[in-house]
Amino acid sequence: MVKEELIKQLSTILTEEQVNTDKDALYDAAADRYKKYAKARKVLNVPTPIAIVYPKDTEEVRKLLMFCNANRVNVIPRGGKTATEGGLENWKDTTIVIDALHLDEIIKIDTYNSQATVQAGVALQTLEDELQRVGYTTGHSPQSKPVAKYGGLVATRSIGQLSTLYGGIEDMVVGLECVFPDGHVSRIKNVPRRAGGPDIRHIAIGNEGTLCYITEVTVKIFRHYPENNRFLGYLVKDVASGIKVLREVMVNGFRPSVARTYSEEDAAQHFYHFHENKCVLLFMAEGPKGIVDATVTAIEDAVKKYHEGIIKQVDSTLIETWFNQLNWSQQDIDDEFLGMIDHDSHSGFTTEISADWETIPKIYHNVIKRIRKEFPRVQDLTMLGGHSSHSYLNGTNMYFVYNYKILCEPEDELIIYHHPLQRIIVEETLKMGGSMCHHHGIGKYRSEWTKDEHGSAYYMLEKLKEAFDPNGIMNYGTIFPQEEGLKYIE
Amino acid sequence: MRIVCVVKFVPDVDNFTYNYETHTIEREHSPMLINPDDARALGFALTMKKREPQTCIEVVTMAPRSVIPQLEDILRLGFDSATLISDQLFAGSDTYVTSKLLSSVIRKIPYDCILSGTHAIDGDTSHVPSQIAQSLDLDHLNFIHHIEEERFTCSSAVVEVEGESSYTTFEIALPALLSLTRESAYRLPYVRYKNLNLDVSERLHILTNEQLGFDPAEVGLSGSRTQVVSTHTKEHMTRRKKVVKSDDEGIEVIYTFLKSNGFI
Numbered sequence: 001m002v003k004e005e006l007i008k009q010l011s012t013i014l015t016e017e018q019v020n021t022d023k024d025a026l027y028d029a030a031a032d033r034y035k036k037y038a039k040a041r042k043v044l045n046v047p048t049p050i051a052i053v054y055p056k057d058t059e060e061v062r063k064l065l066m067f068c069n070a071n072r073v074n075v076i077p078r079g080g081k082t083a084t085e086g087g088l089e090n091w092k093d094t095t096i097v098i099d100a101l102h103l104d105e106i107i108k109i110d111t112y113n114s115q116a117t118v119q120a121g122v123a124l125q126t127l128e129d130e131l132q133r134v135g136y137t138t139g140h141s142p143q144s145k146p147v148a149k150y151g152g153l154v155a156t157r158s159i160g161q162l163s164t165l166y167g168g169i170e171d172m173v174v175g176l177e178c179v180f181p182d183g184h185v186s187r188i189k190n191v192p193r194r195a196g197g198p199d200i201r202h203i204a205i206g207n208e209g210t211l212c213y214i215t216e217v218t219v220k221i222f223r224h225y226p227e228n229n230r231f232l233g234y235l236v237k238d239v240a241s242g243i244k245v246l247r248e249v250m251v252n253g254f255r256p257s258v259a260r261t262y263s264e265e266d267a268a269q270h271f272y273h274f275h276e277n278k279c280v281l282l283f284m285a286e287g288p289k290g291i292v293d294a295t296v297t298a299i300e301d302a303v304k305k306y307h308e309g310i311i312k313q314v315d316s317t318l319i320e321t322w323f324n325q326l327n328w329s330q331q332d333i334d335d336e337f338l339g340m341i342d343h344d345s346h347s348g349f350t351t352e353i354s355a356d357w358e359t360i361p362k363i364y365h366n367v368i369k370r371i372r373k374e375f376p377r378v379q380d381l382t383m384l385g386g387h388s389s390h391s392y393l394n395g396t397n398m399y400f401v402y403n404y405k406i407l408c409e410p411e412d413e414l415i416i417y418h419h420p421l422q423r424i425i426v427e428e429t430l431k432m433g434g435s436m437c438h439h440h441g442i443g444k445y446r447s448e449w450t451k452d453e454h455g456s457a458y459y460m461l462e463k464l465k466e467a468f469d470p471n472g473i474m475n476y477g478t479i480f481p482q483e484e485g486l487k488y489i490e
Numbered sequence: 001m002r003i004v005c006v007v008k009f010v011p012d013v014d015n016f017t018y019n020y021e022t023h024t025i026e027r028e029h030s031p032m033l034i035n036p037d038d039a040r041a042l043g044f045a046l047t048m049k050k051r052e053p054q055t056c057i058e059v060v061t062m063a064p065r066s067v068i069p070q071l072e073d074i075l076r077l078g079f080d081s082a083t084l085i086s087d088q089l090f091a092g093s094d095t096y097v098t099s100k101l102l103s104s105v106i107r108k109i110p111y112d113c114i115l116s117g118t119h120a121i122d123g124d125t126s127h128v129p130s131q132i133a134q135s136l137d138l139d140h141l142n143f144i145h146h147i148e149e150e151r152f153t154c155s156s157a158v159v160e161v162e163g164e165s166s167y168t169t170f171e172i173a174l175p176a177l178l179s180l181t182r183e184s185a186y187r188l189p190y191v192r193y194k195n196l197n198l199d200v201s202e203r204l205h206i207l208t209n210e211q212l213g214f215d216p217a218e219v220g221l222s223g224s225r226t227q228v229v230s231t232h233t234k235e236h237m238t239r240r241k242k243v244v245k246s247d248d249e250g251i252e253v254i255y256t257f258l259k260s261n262g263f264i
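If you read the sequences in order, they're chains A and B. At position 311 of the first sequence (counting the first as 1) the number is 311 in the numbering used here, and the numbers step up by one without a gap. At position 207 of the second sequence (counting the first as 1) the number is 207 in the numbering used here, and the numbers step up by one without a gap.
Keep in mind that the hints were calculated from the coordinates and are not lab data. Quick reminder that beta carbons are idealized off the backbone N, C-alpha and C, glycines included. Some hints here could point you the wrong way.
[As the list claims (entries may be wrong)] With the C-beta cut set under 7 Å, the calculated list includes, among others, these residues of chain B facing chain A:
1. Tyr190
2. Tyr193
3. Asn197
4. Arg239
5. Val243
6. Gly250
[Stated by the list, open to error] Restraint ranges, calculated between C-beta atoms of paired labels, are given here:
7. B:Ile68 <-> A:Gln379: 13 to 21 Å
8. B:Asn261 <-> A:Gly433: 12 to 20 Å
9. B:Phe257 <-> A:His307: 37 to 45 Å
10. A:Lys405 <-> B:Cys154: 34 to 42 Å
[Said to hold, decoys possible] Sample of chain B residues lacking proximity to chain A, with all beta carbon distances greater than 12 Å (derived):
11. Gln134
12. Ser135
13. Glu183
14. Phe257
15. Ile264
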């Protein structure tokens, strides 16, 4: 079916107002924040979708997916547009973007059972604001909080800055509703726990739009005690010293909501007012007062135990001020985009990985060493460092952060700068047994390593794709490696 | 159309070596950049080549051999050929000798127009373009910030020249020497990724005094009619740094600073 006919058909499934074919909107929909510089400079090298559609309910999503499945139209599910790894980038000539704009209802806030049910297009901030009115919180606070929406958060296995206490989104999702390409609607019920076979929530959570379209989510909600929040910060000798303290706190059974260690370079860009060119270790404890007090004591004990790595404590109000200004707003995103039209610079690219406690400092060391030695444009880097920002009983993540002057044409930026850096990070991580993607998802530009990431377990992932999306219409190129997509990567 | 671009490589002003005994820049040991005004001339020439692919552009420069990688990159952008005038004998040449050497080479190249920058960020005398024009008996316009692409032909060009308080449009018969300013919009692109390792060696020509045949007394420091008496580096004022907190007191400090300096 030709493009015009497809658009005409879409307008019969939905209304004309629900089908957007505006040229600028389609250009914007062709890529996400991964190619933000090329997008700002109007040199995207990927096809634009043929339409963005805005279903109003699950039934319309179902009809759309069945139509696309029958006509082999690629589908990109979209929420708040904060994807950073190419998950929203289009690699097919015939693609529609299904945007959750109108799936914007908070269906139920159930404080007695500590859960809330929302449609996919509800912004995280919207639910958070509603919950805070009744003394609750989502416990989820990614930097994209003011913009990101629940469908995308769940589809990408999002994580927030408070994850060390509340967990990632996968720990919060109680149940959900999703639609498969053949039109089947699955509703996973909301129960506290069950042993009814494999936990099928995890087929939808993190599928990145490659298996199904998430239309509704039920998440846990938490009592909120902001008045008890306490912050602690320290200058530390090196990354490994900071990580030692993080580990001590975690393995002793404490769960600060924020637990982070920054390298000197990364600290310098976050904490200009107190970093003194040292690494920074910081914590936030929240929850009931007794738990907060106990957590603070545990942090102080851990700091005492590893005092040889601690340089000094910093004023806790500095940490609090910093934390309260950490999130992006839509205005920040727009300003960054506009800035890139005029300036040949990059305000930061990241690659986030995870590994156990023992391995993470080694990966950090190996990556930094290899980049400094091998990266051909090392002189253009204006910052290279990282931080650990999400800790677990058995390990932590490392968020590699790098800024650079862009001394090339916008079309070549990723291939000259980001890709070689990302390759080093991914290779070193996989070599040491870590995970190449801690919380941004695989998207399109780490799909070349999906098989290496999963090893023999890739079989299970592949079978899911074959079973649920046999025609391969769901978000082509994301998670699952595609040879045809290499032209956009190499 | 045939265009010759005269280009100067200048030291990276943040990182160069100066010989305080001879009062010359040690170009061989300093990272070199294309002079910003000259890059605009190259950018315009490339714009014309994109409009009219038959346009032939030759780049001519006098510099140490250390600029060969930068010249190769220029060729990778699509310039047809480059000539590097380079010989230890030419080191320390003043603008007079430099112009003489450049003119002797350009004279042998067929051209409809010569493009250059107006100023260089190192010496900044702006002698060389005028002296080349004089030597080749060409008209010369400098401070050009715009050239009308559609009226740029083998026989004439319409250009806008920036004055102190106004812009003046001239129509000039070609051949002539047109010198652009860095305020012009003709950006020199970066080499595309696919061309980064393109072999351009066949299009790069290096000329030494063996080919040019000047008397050694006529070139370099000994041939120069001007000598630098003394040079000193500028002393930069160190600004006071004050770190304030993002509280009411800090906001007041910044507000007062901005207000007292007329920013708000």
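Results for each hint:
Hint status for Tyr190 of chain B: holds, given a least beta-carbon distance of 5 Å to chain A, under 7 Å. Interface hint status for Tyr193 of chain B: upheld, as the beta-carbon distance to the closest one in chain A is roughly 4 Å, under 7 Å. Here the hint on Asn197 of chain B is broken, as its CB sits about 11 Å from the closest CB of chain A, past 7 Å. A distance limit of 7 Å between C-beta atoms decides the matter here; for Arg239 of chain B the minimum to chain A is near 16 Å, and the interface restraint is violated.
This hint holds: Val243 of chain B has a C-beta 6 Å from the nearest C-beta of chain A, less than the 7 Å allowed. Violation of the interface hint for Gly250 of chain B is found here, the shortest Cβ-Cβ separation to chain A being roughly 9 Å, above the 7 Å cut-off. For Ile68 of chain B and Gln379 of chain A, the Cβ-Cβ distance of about 19 Å falls inside the hinted range of 13 to 21 Å, so the restraint holds. For the pair Asn261 of chain B and Gly433 of chain A, the beta carbons lie near 56 Å from each other, so the given range of 12 to 20 Å is not met.
Range check, Phe257 of chain B to His307 of chain A: about 40 Å between beta-carbon atoms, so the 37 to 45 Å window is met. Distance hint check for Lys405 of chain A and Cys154 of chain B: the Cβ-Cβ separation is about 39 Å, which falls inside the suggested range of 34 to 42 Å. For Gln134 of chain B, the non-interface assignment is confirmed: its Cβ lies about 37 Å from the closest Cβ of chain A, beyond the 12 Å cut-off. Every C-beta of chain A lies more than 12 Å from that of Ser135 of chain B, the closest at about 36 Å, which supports listing it as non-interface.
At the 12 Å boundary, the C-beta of Glu183 of chain B stays outside the reach of chain A, the nearest C-beta of that chain being 16 Å off. At the 12 Å boundary, the C-beta of Phe257 of chain B stays outside the reach of chain A, the nearest C-beta of that chain being 16 Å off. Under the 12 Å C-beta cut-off, the non-interface status given to Ile264 of chain B relative to chain A holds; the minimum distance is some 19 Å.
Of the numbered hints listed earlier, those contradicted by the structure are 3, 4, 6 and 8.
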